[in-house]
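Fit chains B and C to the known structure of chain A by using the hints.
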Amino acid sequence: MSTKVKEILAVVAITIFCLVFYIGKINGWETIEFSFTVSMIVISLLVLSLVWILILTIKGNLIERRIVFLFVGIAVTLPLFMGISQKISSSPEVVSLYESVDALPAGSKVLISFDYDPPSAPELQPMAEAFIQLCFEKNLKVITMGLWPQGPQQANLAFEKVFSSEKLKGRKFEYGVDYVNLGFQTGNEFVVQRMGSSFKSMFPTDYVGNAYNDLPLVKNIKNFSNIDYCFNLSAGFPGTVEWIQIGVDRFGVLLGAGNTAVQAPQIYPYLNAGQLTGLLGGMNGAAEFEKLTEIPGKGTKFMLSQSFSHMVVIAFVLIGNVAFFMSGRKSMLEGNEE
Amino acid sequence: MDHFSLWLAAFLTLGIISFLYKDNPWYKLTEAIFIGISAGYWVVTLYWDNFYGKFWVNKGEEPTLWIGAFFGFLMLLRLIPKVGWLSRWPLAFIVGATSGLWLMNYFASNIMVQVQATIMPLFSTGYGTGFDADFATIVANFVIFFGTLTGLVYFFFSKEHKGAFGVGAKIGIFFLMITFGASFGYTVMSRMSLLIGRIDFLFGDWLGMIQ
Amino acid sequence: MKNIFSIPILVCLVISIPFSIFAQEKQSDSLIETSKVIAEPATSLIVSDYKYDNGNSLKLNWVPSIDDQLPAGKVTGYELFRSVNGGGFERIAEFPPQKNSFQDDKVEIGSSYVYYIDALSKDTATSSAKTELINPEREWFNAGKIPLLIMALIIAGSIFYFIETARRGKTLFVRKIAGLEAIDDAIGRATEMGRPILFIPGIQDMDDVQTLAGLTILGRVSKVIADYDTRIFMPVSRSLVMTAGRETIKAAYQSAGRPDAYSDDMVNYITDEQFGYVAAVDGIMVREKPATVFLLGAFFAESLILAETGNSIGAIQIAGTARPAQLPFFIAACDFTLIGEELFAASAYLSGEPKQMGSLKGQDVGKAIALIVILIGVIAATFSTAWDIAFMTSIYDFFTTIFSVSK
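Here the protein sequences come in this chain order: A, B and C. For the first sequence, my numbering begins at 1 and goes up steadily by one. For the second sequence, my numbering begins at 1 and goes up steadily by one. For the third sequence, my numbering begins at 1 and goes up steadily by one.
Quick caveat, the hints were computed from the structure, so don't treat them as lab data.
Cut-off 25 Å, straight-line C-alpha distance, at most; resulting in silico cross-link-like pairs (SDA-like, lysine to any residue):
#1 A:K4 - C:S312
#2 B:K28 - A:D117
#3 A:K167 - A:G107
#4 A:K109 - C:E108
#5 C:K145 - C:G55
#6 B:K28 - A:E7
#7 C:K51 - A:G196
#8 C:K176 - C:S158
#9 A:K200 - C:K106
#10 A:K200 - B:V43
#11 C:K289 - B:G15
#12 C:K145 - A:N272
#13 C:K59 - A:G196
#14 C:K170 - C:E353
#15 A:K169 - A:G107
#16 A:K200 - B:F55
#17 A:K25 - A:I84
#18 A:K25 - A:E160
#19 A:K200 - A:L254
#20 C:K145 - C:F399
#21 A:K200 - C:D104
Model, not experiment: these values are computed from the prediction.
Just chain A, with the same shape it has in the complex (with noise of 0.2 Å):
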């Protein structure tokens, strides 16, 4: 049979196999998950495999890079079939994120700066959720922006799941009077810095076109003054880094982040100068953040996965390291030889 031929009837299976379950999901089948004793089935399985491949290496016989791929992505999609959970603890930065946040008294005024799109969504996702489910639990009102262009539509997404979710269950929250959507600004840390003066000035409407004197949460804001706590949601350029830079060391806010776990190695030194009161950093920020605010989330529900693919990966650097060193060890037995 030939190559293309195969992949034809790869294709077509897959395609079946999709068919097949999209149309059980329309008459309602359960969804899967395995049992404890399947799941330990499965991980030896994967670690046996992997065990296979190291002796394949030491063998001689290297594997191509689309098993690697393969194998990631297995590591990626079992564990949201399994049933087991992970344990989580709790970071300095996390827990001093919350603290930050849990001292402020009722009424006080959040702005949430929503500085990604969706792309970076599965980290920052569960932390825009659960940031803004506990400020409504604290009763803190609550205004967000983006100085991405999709990041507004980010945080509508984040109020819809959290108006929906249990703790909050009979509550009403009125537009224009608990929460604001200022919407997305072009100018990048410009804007950061205009906001200093004049919010009015950078968001003359918000993100559905309401004119700015006409929302009562926000008509009295003038600049950064009369903010209480800002919180940035971050995936890179403009984010976290320019709201310290402006935003903490030249207007005194009291800022904390949520970054891409790309970006949390760079900002950490700023915590540890005491520019931000707290950082959560990646699925794992996310995830310890929500086991802190009891809002479990996608955040906590991932965590298997990423230790999962992680430990693929790991495996993987060691096996591609005894590849290296045999192929330098045969160079060297065959220039001996010689």
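For chains B and C alone, coordinates are given in the frame of chain A:
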């Protein structure tokens, strides 16, 4: 999400992922759709947030915006070769204004505050607390101190890396590489998180196999 | 005769007993009433404008209540009240005992304020006299940032000095940077293989100094490719960078005496969207199969995707960025990496331009100052904390004051 949106999102997701197998028409189609939509999205967003929001809703309240609009118009003159030289003025303004803002921001936040934060007693948890640091804290303090010093030595371009200076630079590069390794590990976590999000969409939202 | 007054006296005595008890009880009630704890108020509450700010701070000082003594004073704390523009008073802050000052940062220029402070005891709150009406003032200059100004002048002054020195023709020494020699070899490789060069100047705009550094190196690369007649592709994600890139390459071809060989199609705008740009560049890499890939500028999450794809097509890759989060990927996937400031040093080294060389040397002065200050400061902090040596304490205080940044 409705059926069409779900299948379209899944089709596009799997199209991009198919690149891992090899380049193929499905990936090319998805790539073209993504590029086209992203360019169009920016045009629409910039129109509504910049032109409409600033000049229609807010008309008259911010006269300085008209100066910015004029500069923006000058930028577009680049398309006309005869007067294209006029676009250098707004470009100079952008580069100059950004440099000026970044100069003091980075200087204050990334240099002054960081130098102040690095000046710390090595055997204490804070200034004036005496010998109260445990072993782990003392090691951490020494790592920060030597890492900062040797890192600065490595990036010193006015002296050749020879002798004691060279040794300091070599230690600095070790600290840098360890830092990059830790940063790489954090980034692996970030990338895995994004993949988990997509897999959750495919198996959860689309196929309904997981909760 | 029996005393005829004894019975009336006895009756009066009996009647008066309840009254005396009642009177005593009444007396005890008033004793209970007068045993409430009342603290003396705080005194000398003075409000003044906080100097050298934008008119959004006021300073308050007061003398704590005479009943505020530790450990067993009557005062349990203080509450501060403020009236804005003659309106009602509202509580704005509370403090523990012994506190005698506060800075109100939530005032606005153009408004007027009046304050008073309550001394709290277990049962009551006693108010101080109100302050006079005050309007916050804005000053021209923030004296709290003088240390920042001095440091900026020292470093800027060094930069200007070295730029002038370079302009006068003096050679400024810059150490050898690994990876720079590889540029010419990489271009030669592409020419020999008959495959194009791919140059990616990052995904940021012209306001990012890394993009400018990348374009400076492009100038050098363009000169070589103009001489060797090697093809170049330069997909960009910002329109201004496209313009600057075209000008750079065109100038190189003109100075090589081959203006007809230049084409605007060498530099193309793709899209501003990050991953849309990456998808397009990946496609170009896989289809055009460049022999050499330059990744010089500001990169974000796309860095590993670009470097990995370049690695998979067998291209030689020279990368450089000042974004620390992306450096690990370039180091892992590229043949040569310019780490952080080495990108700017390479740009200065290759162009030889006095401004760039002078800037580099001036920055070295800043680094030297930071190095010396950290070294001496840490030694001073360690000694003064451990053995309380006054001289060391002075050095520590001096450095932390100089390098503090007030708001």
